[in-house]
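Sequences listed follow chains A and B, in order. Taking UniProt numbering, the leading residue of the first sequence gets 1, the next gets one more, and so forth. Taking UniProt numbering, the leading residue of the second sequence gets 1, the next gets one more, and so forth.
Among the hints, erroneous ones may be present.
One copy or any two copies: either way a pair holds, since identical chains are not told apart in the list.
Restricting the straight-line Cα-Cα distance to at most 20 Å, the calculated cross-link-like pairs of lysine to any residue (SDA-like) are [to be verified]: (1) Lys149 with Thr44; (2) Lys46 with Glu297; (3) Lys391 with Gly273; (4) Lys115 with His67; (5) Lys298 with Trp409; (6) Lys391 with Leu283; (7) Lys246 with Gly273; (8) Lys228 with Trp136; (9) Lys278 with Leu100; (10) Lys246 with Phe91; (11) Lys325 with Ile304; (12) Lys116 with Ala130; (13) Lys318 with Gln397; (14) Lys115 with Glu296; (15) Lys149 with Phe257; (16) Lys318 with Val146; (17) Lys228 with Phe257; (18) Lys246 with Arg316; (19) Lys115 with Asp214; (20) Lys246 with Leu321.
Please keep in mind that the hints were generated in silico from the structure rather than gathered at the bench.
This is what each chain is made of:
2 protein chains.
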Amino acid sequence: MAASLLAFLLLLVGGMFSTSTPPPGPLEKVFQYIELHQDEFVQTLKEWVAVESNWVQPVPRLRRELHQMAGLAADQLQGLGARLASVDTGFHQLPDGQTLPIPPILLAELGSDPKKPTVCFSGHTDVQPARQEDRWLTDPYTLTEVDGKLYGRGTTDNKGPVLACINAVSAFKALDEGLPVNVKFLIKGMEEARSLALEELVWKEKSGFFSSVDCIVILDNLWISQRKPALIYGTRGNSYFTVEVKCRDQDFHSGTFGGILNESMADLVALLGSLVDKSGCILVPGLYEHVAPVTEEKRMYEAIDLDVGEFRSSSRVKGLLFDTKEELLMHLWRYPSLSIHGIEGAFHEPGAKTVIPGRVIGKFSIRLVPHVDMSVVETQVKQHLEYIFSKRNSSNQMTVSTALGLHPWIANISDHQYLA
Amino acid sequence: MAASLLAFLLLLVGGMFSTSTPPPGPLEKVFQYIELHQDEFVQTLKEWVAVESNWVQPVPRLRRELHQMAGLAADQLQGLGARLASVDTGFHQLPDGQTLPIPPILLAELGSDPKKPTVCFSGHTDVQPARQEDRWLTDPYTLTEVDGKLYGRGTTDNKGPVLACINAVSAFKALDEGLPVNVKFLIKGMEEARSLALEELVWKEKSGFFSSVDCIVILDNLWISQRKPALIYGTRGNSYFTVEVKCRDQDFHSGTFGGILNESMADLVALLGSLVDKSGCILVPGLYEHVAPVTEEKRMYEAIDLDVGEFRSSSRVKGLLFDTKEELLMHLWRYPSLSIHGIEGAFHEPGAKTVIPGRVIGKFSIRLVPHVDMSVVETQVKQHLEYIFSKRNSSNQMTVSTALGLHPWIANISDHQYLA
């Protein structure tokens, strides 16, 4: 997987901002260099994977490994001859009051030719925890090759891609081939913690490090399948809703109150059940009205190399809502979808409790696509839930709120960056 | 409240096992005695209420107060001249490994005339915690009189009734009036912890303390309203169900999977939504078939003194499913009811998380009444959910299980115990 990514990123770097095909000579040499040094690249990835750099369980030992990862990445960047700043981002206070230092964010620069565009590669070296119950087939912290694929925590998210990009640049440097762009790196160590301290740094470096950046390539994206990398040119947005139903603040006992109440859970289940049908179709009236009509883009889905059976089995689900590649991709990428996430305030623990919850909060969100307007969706959802609730003649109180709003974005794929 | 209970229990003790009205003389004297000693009785209750004898937060200081309560109750029982055994019931291990002694269970006996029946009064001296967020209007551990009512944690559950019963017996003793029954007391200190250690003791004392007991009066029951005590002659049973819907063991991210899955939450919400309608009517086919037909019992509900408005406001709900006293009582007592308790495996915390839960477990239970057979209900519920699920054509896996089963019981109110 690491080798494929390398090739992918080389194409990206090699071809960027060049409207004509690069001369075959240099790129062929670069590929040869990669073949020759593959074991060395994989060895470095192995060393990176071995560092258990997850922050989720805030055990100080593990936080030290986040700092260790920053050190390893800094070594690689300095090996390229980059000017490197290791930016101290302060401390992070845990809910228990404990204070831990945040690993530094690395800012590296290679080349500052004002005639060349500047590309910034952004990635991270922290990982999600690898738990026993996640059923790993190999040791997550020992990079292991099985059937030509490399397995290990962080191999794809995101140590592998970060190293692949560094290795690509190193190949150009080693061969003394001039890069067609100035390169910058932004390497984070707390991405899985919602990129703690990043926003502050971006504002601080707005007229510094980031002022000369023409485009940012995010190294942390999905592949379209197990064999194909992807160039992402848009993501869906999200409108996150909460719907609270309150009978009273206190819970009831079903033995002494069951049978005479408008139970808040019955109301909430009816409300949540009115949102989406068994085919995944959103039942909120008007919601599909502004979805951008399907254009000749349809041919693009047809051309994409994706095996539905393989996708299903690698997702470990028995069935999907759609059978064809085109329908699957369109429902993942260009149609809105609604997911019910859970309920706050009800009984959620293992075991049995005969509680009638007094006040419950349902949570669901709608993935937004062009040209669905977030504020229109919010109004439609509120009106729909108010209508459903009014039909129940419940004496309870219902409150619909929006918890989070992210607009969808789509880039112009005719833009020179995407053409490159 | 304590005074009313006293009168109630006196009637109970005075009249028990006697088919003719007791001579007016002795009972009038007993009532006079109560009037004269009311302040003293209330003072003792005040002392009991002041002891914060809750076990729920296992703070060792509070456990000491459970033992203190056992001591206070033992003093009162000894004051009656009862033979008292304070039974050591061993230790209780907390989830954190800490071991705490369980407060003793008190077994007291007063009279052993083989010609008289033996009545055992059972109550407890531990309480539920009184938390700030429960919005007490007076200090829970300071017995406070407001408008002729006594407020304080444990005043009704269950310190008040235990003391009222002891006081009733003490009045007979002080007046040298012979009790018509042999009296036993069973006083527990861990009732709110599912009567820890009680079952073991009952088996151990089966042919000892309990062998001569003709009937047990449970002091820990509900009043029908704020003004009326109740003689309980039946309770509904309970069939507790779990319905699991599994897409896969792991959760999904709604950004990368939303729109193409049979989401387990959508299936579960549809299943839970099929159980009960907005009027509280259970939608499981056949469920009402075996419910005992309403007989002349209806006249009993009519005769019961319950103010619906007062009941509603004391329950702190804006509305109830029924407007008349008769409908309310029948739906609380003699019709089945279904409550949805919650969902395990979904997002239940405050805040927003864009998770698509992979595997969720819905929990609901049905209050059972005569002559609904528990195994028939289980079959009906399973068949119903299987039908609803089959209509969804979901590729997920559904499993319905029963977690708990309690049969309903109803006593013969023509029995001499109830007539007394």
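Against the structure, the hints come out as follows:
For the homomeric pair Lys149 and Thr44, the shortest alpha-carbon distance inside one copy (16 Å) is at most 20 Å, but the shortest distance between copies (77 Å) is not. In the homo-oligomer, the alpha carbons of Lys46 and Glu297 never lie at most 20 Å apart, since the shortest distance is 40 Å inside one protomer and 78 Å across protomers. Taking the closest pair of Cα atoms, Lys391 and Gly273 come within 20 Å of each other both inside a single copy (14 Å) and across two copies (15 Å). With identical chains, the CA atoms of Lys115 and His67 are never at most 20 Å apart, being 36 Å at best within one copy and 84 Å at best between copies.
Proximity of Lys298 and Trp409 under a CA criterion of 20 Å is satisfied intra-copy only: 19 Å inside one chain copy versus 66 Å between copies. Within a single copy, Lys391 and Leu283 get their C-alpha atoms as close as 16 Å, and across copies as close as 18 Å, so both meet the 20 Å cut-off. In this homomeric assembly, Lys246 and Gly273 come within 20 Å of each other (Cα to Cα) both inside a single copy, at 18 Å, and across copies, at 18 Å. In this homomeric assembly, Lys228 and Trp136 never come within 20 Å of each other (Cα to Cα): the closest approach is 23 Å inside a single copy and 63 Å across copies.
In the homo-oligomer, the alpha carbons of Lys278 and Leu100 never lie at most 20 Å apart, since the shortest distance is 46 Å inside one protomer and 51 Å across protomers. For the homomeric pair Lys246 and Phe91, neither the shortest alpha-carbon distance inside one copy (39 Å) nor that between copies (40 Å) is at most 20 Å. Taking the shortest alpha-carbon separations for Lys325 and Ile304, only the intra-copy value of 8 Å comes in at or below 20 Å, while the best inter-copy value is 67 Å. For a Cα distance limit of 20 Å, the shortest separation of Lys116 from Ala130 qualifies neither inside one copy, at 41 Å, nor across copies, at 71 Å.
Taking the closest pair of Cα atoms, Lys318 and Gln397 come within 20 Å of each other only across two copies (9 Å); inside a single copy the shortest separation is 39 Å, beyond that limit. In this homomeric assembly, Lys115 and Glu296 never come within 20 Å of each other (Cα to Cα): the closest approach is 37 Å inside a single copy and 98 Å across copies. Taking the closest pair of Cα atoms, Lys149 and Phe257 never come within 20 Å of each other, the shortest separation being 59 Å inside a single copy and 24 Å across copies. When the C-alpha separation of Lys318 and Val146 is checked against a cutoff of 20 Å, the pair qualifies neither within a copy, at 24 Å, nor between copies, at 63 Å.
Taking the shortest alpha-carbon separations for Lys228 and Phe257, only the inter-copy value of 18 Å comes in at or below 20 Å, while the best intra-copy value is 57 Å. With identical chains, the CA atoms of Lys246 and Arg316 are at most 20 Å apart between copies only, with a shortest distance of 12 Å across copies and 38 Å within one. For a Cα distance limit of 20 Å, the shortest separation of Lys115 from Asp214 inside one copy, 12 Å, qualifies, whereas the shortest one across copies, 102 Å, does not. Taking the closest pair of Cα atoms, Lys246 and Leu321 come within 20 Å of each other only across two copies (15 Å); inside a single copy the shortest separation is 34 Å, beyond that limit.
In terms of the numbered hints stated before, the structure departs from hints 2, 4, 8, 9, 10, 12, 14, 15 and 16, listed from lowest to highest.
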